[in-house]
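Q: Sequence:
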Amino acid sequence: MLASSPGKTPISLLQEYGTRIGRTPGYDLLKAEGQAHQPNFTFRVTVGDWVLGGE
Numbered sequence: 001m002l003a004s005s006p007g008k009t010p011i012s013l014l015q016e017y018g019t020r021i022g023r024t025p026g027y028d029l030l031k032a033e034g035q036a037h038q039p040n041f042t043f044r045v046t047v048g049d050w051v052l053g054g055e
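Read in the UniProt record's numbering, the sequence shown has 38 at position 38, and its numbers run on one by one without any break.
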């Protein structure tokens, strides 16, 4: 399990975890919506056999 670390984003922690287990996370943009000044993005993240997020 990943511990919360002050100053690190969830993406940073995921990248570090992937590096530690030898599997770089892959990111797939599924959806981009919202106004130009405040967009919202939906991603699917794959780390090895794990698939996180999406719809």
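Do not take every clue at face value.
[Unchecked claim] Under the rule of at most 20 angstroms between Cα atoms (straight-line distance), these lysine to any residue pairs were calculated in the SDA-like manner:
#1 K8 with T24
#2 K8 with H37
#3 K31 with I21
[Said to hold, decoys possible] FRET-style restraints, in silico, Cβ to Cβ:
#4 Y17 with H37: 31 to 37 angstroms
#5 H37 with E16: 17 to 23 angstroms
#6 T9 with W50: 17 to 23 angstroms
FYI, nobody ran anything at the bench for these hints, they're computed from the structure. We treat Cβ as the ideally placed atom computed from N, Cα and C, and that holds for glycine.
Q: What are the numbers of the hints that this structure violates, sorted from low to high?
A: Numbers 2, 3 and 5 - these are the hints that the structure violates, sorted from lowest upward.
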